[in-house]
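Please take these sequences and the hints and turn them into a complete structure.
Those protein sequences? They're chains A and B, same order as listed. Each residue of the first sequence is one higher than the one before, counting from 1 in this note's numbering. Each residue of the second sequence is one higher than the one before, counting from 1 in this note's numbering.
What the hints contain is simulated information worked out from the structure, not anything from laboratory work.
Heads up, incomplete: computed chain B residues facing chain A, CB under 7 Å, no partners named:
no., residue
1, A109
2, I110
3, S113
4, G116
5, M117
6, G118
7, G120
8, P131
9, L132
10, S210
11, G212
12, I213
Here a beta-carbon is modelled for each residue, glycine too, at the ideal position from N, C-alpha and C.
These are the residues of each chain, in order.
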Amino acid sequence: MSTTTSTAEPMIRLEGLTKVFPGQKKPAVESLDMDIPAGEIVVLVGPSGCGKTTTMRLINRLIEPTSGRIILEGEDVTDVNPDKLRRRIGYVIQQVGLFPHQTISDNIATVPKMLGWDSPRIKSRVDELLSMVGLEPATYRERYPKHLSGGQRQRAGVARALSADPPVMLMDEPFGAIDPITRDRLQNEFLRLQETIRKTIIFVTHDIDEAIKMGDRIAILREGSAIAQYDTPERILSAPTDDFVADFIGAGASLKRLNLSRVRDIALVDWPTAGTNSSRAEVLAALRASDKGAVLILDEQRRPVRWISGRDLGREDEPIAEAGHLPEAIIQPNATLADALNEMLKSRVGCAIVVDQSGAYQGTVDFATVSGEIQDMRRDARERSRAEAEGIHAEGSVNG
Amino acid sequence: MSILDYLNDQGDRLFDLGIEHLVIVLISVTLSTSIGVTLGILTYRTEAPRQAALRLTGVFLTIPSFALFGLLIAPLGLGTSPVVVALVMYGLLPIVRNTITGLRTVDPAIVESAQGMGMGRYRRLLRIELPLAWPVIITGVRVSAVIIVGIAAIGAVVNGPGLGKDIFRALARVGTPTAIPQALSAVLGIIIIAILIDFFFLIVARLTTSRGIRA
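Structure representation (structure tokens):
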């Protein structure tokens, strides 16, 4: 089925792409048509054996298609030199595949060297990329992959894929081999990075939760890489096209939707604050003026330093900057509501503190905000499916 | 006559023979390495040629050295050339086997990511696969060199160079007072050369292996 609504020229267009492996009757990928819009993360997700990895590898022709065309930026690349094609497409795999005998800097320089960049340009690009993925260049440039943790290797792998600034990146379960806590952090970092680099990314995973979190669009694939639904995460969660998609999403769709809203999209709750050099009387006044049980103390850069409750104020011997307890549950505006909920469950005050990139206080998110959002989403979904049911009656068919 | 007296008397001559021995071993190992590594590279990816290469070089090693040296007289005459050819043949198996093993144990994910970044077949082999297989390959070269040091002594039967000459001379004069010290000092020389060569390749392996994959 044809599923794309975007009118701009797609970054990648797959036309009737088919792969039959030698000795197999059934195609691994059967006549796949798909448009991948520029600057978006498109996640290919599906049960194992559905052909999602094969599909991805057809795009950079690590697997040569049996038939069909691959169009990249309007150019038919089905028959061009595959090595040259691959230098225009970043590639990240689950095992990362850093070259263990080369330093991190040499690893990242792989494609620029093949493209014949001069060494000052390569060097400055390597440093730029290392900082971009959060690895301090002076510390990590000359290290070997074995000296890095799994998460750091993954970041170096992303830096390497970005080295020649390719318009397209292919990522095959890039966070699959990483522990859940680090994975979550890397996913968030990657999304933040994507906000600035705006690459067209094809991302393969078998994990629907990761797909919902990472994808601007999700293609749910069934056997033979047939598209069951190709849509935004919101639409897939609220209006799965058939039982296959509904089963694949699984239970808890409304909780999953919390992964779709980000803290920056909702109204933050103001919380009483005071500076580190405030007097006890000022803090007490701020506390009394609000309906909250604690005051958040901010330093000169407006970064949260302490929570102080009314009881903490009673202990006159402590300076304000040391009274109370350390603020936990600090999140950034690009965190999802699921992250926020998770964090606030850990907080003694029962809310998550939102700070900007520099760590300065922006506001807070509390339970009431999150449950309000859930209700809004439910209402939206209900209205949408009602409208759609009416639309089906009216037109006989609705899609995308 | 004690061995010490003998060494005192014949030291210079023994030293020269030792150098000859060392040189012929190094020449043979160098040739064996170029042929063996090439053979390994050509065959490691496909089953049938790989087995053929291993079997052929394995057969070489089973030919008794005396017989092989003798057989080579017909085509190559006496002297250095039959010795070098025989030693190259004996040295092949460890090098071919280790080249194949080394290349086949390179992590496929690493090769795939190299390919995915647009490295062609040739560049991949040169920049990624060979450097990663190198510690295993150089170990094969080292084993080969040590094997060859011993076999080179037999080269004296075809008038080859090296310490083998003294062993055969001594064997021809068993019963004379200098026979035993002469044979023993030549054997001692060969052992010393073997130890030196082993140590030399250990250093070479260390210096030519990337810090990122050193144990």
